[in-house]
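Visitor: Based on the sequences and whatever the hints tell you, model everything.
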Amino acid sequence: MKNQIKTLLLLGVLSVVLIGIGAALGKGFLIGALVLSLAMNVGAYFFSDKLVLSMHGAQEVSPQQAPGLHRMVEELSRQAGIPKPRVFLMNEAQPNAFATGRNPEHGVVAVTAGILEVLDQRELRGVLAHELAHIKNRDILVSTIAAAVASAVTYLAHAVGLFGSMFMGRDEDEGEGLSPLQTLALALVAPIAATLIQMGISRSREYLADQTGAEISGDPEALALALQKLEAGAMAMPVEGQPATASLFIVSPFAGMQSILSLFSTHPRTEERVRRLREMASRMPSSRGWSTALPFAR
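Residue 194 in our numbering sits at position 6 of the sequence shown; the count goes up by one each step and never skips.
These aren't lab readings, by the way, just hints derived from the structure by calculation. These numbers come from a predicted model, not from an experiment. Take the hints with a grain of salt, since some may be wrong.
In silico DSSO-like pairs for lysine-lysine, Cα to Cα no more than 27 angstroms straight-line [to be verified]:
#1 K324 to K272
#2 K238 to K272
#3 K324 to K417
Guide: Written as structure tokens, this is what we have:
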């Protein structure tokens with residue numbers, strides 16, 4: 189409930205930023221930017237799964253090709269109360285995974301080849317439960333709404349930067365238009381504020397998916413162990429490119445890169461996620477028959 193409330197509050201703040209900019213610039217600019225951003229993000233909402241899978245070279249695997257993986261996804265889907273998603277495999281060495289699909293009926297779970305080598309059965313089960321939690325919680329819908337509003341803020345800010353003189357009031361005594369300082373502040377600060385709020389929403393959804401996934405699997409400790417291994421793998425094998433899809437993965441693919449990307453991480457700190465999961469584990473019964481670590485068999 190706390191994570192859900194935080195998400196709603198952040199979406200509200202993002203909407204207030206958009207409305208505030210629109211009020212300052214004029215209704216025509218607000219409506220135009222909102223329509224454009226909604227059109228772009230509605231398209232992304234319906235086709236994001238195909239785009240993301242293509243970007244990462246993910247290939248769908250059948251139950252015959254990966255029976256162990258499919259059995260695990262099917263069992264966890266039943267416990268989550270959602271249709272079994274399609275299963276994809278990425279030929280990438282870095283251990284990672286993500287979920288996409290606009291609703292549970294169009295869900296997709298994708299894992300890298302590296303994650304199947306690094307995690308044991310119990311840990312992989314925890315990761316898959318986390319990804320199914322994203323589908324169950326309709327996080328793609330939430331992130332799309334956030335992206336639409338943030339995009340509108342950014343478009344308006346860019347318009348201010350390009351056509352700043354249009355928004356400067358000719359008669360400041362009558363309170364019309366924006367001062368040069370206000371125009372500059374809008375152009376510079378608004379996109380940064382929108383990005384930070386969007387990052388806050390993404391982090392809140394990760395915490396929520398950790399919690400929901402642990403409830404689905406009944407084993408918070410498994411996900412905690414997996415997150416530690418996955419972060420170590422991302423640190424050892426950083427990837428290049430595709431920052432636009434980083435928020436989808438269970439751990440940031442850029443964890444090992446010392447760059448500006450690390451300052452704008454869409455993921456909460458792994459140490460805090462592990463702490464929360466272990467606190468949750470201390471309040472739950474013992475795991476459901478997954479106390480031993482067994483190698484994963486596809």
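Visitor: Now, for every hint given, state plainly whether the structure supports it.
Guide: We went through each hint and held it up to the structure:
no.: 1; hint: K324 to K272; result: holds (11 angstroms)
no.: 2; hint: K238 to K272; result: holds (18 angstroms)
no.: 3; hint: K324 to K417; result: holds (25 angstroms)
In the structure shown, no violation is registered for any of the earlier numbered hints.
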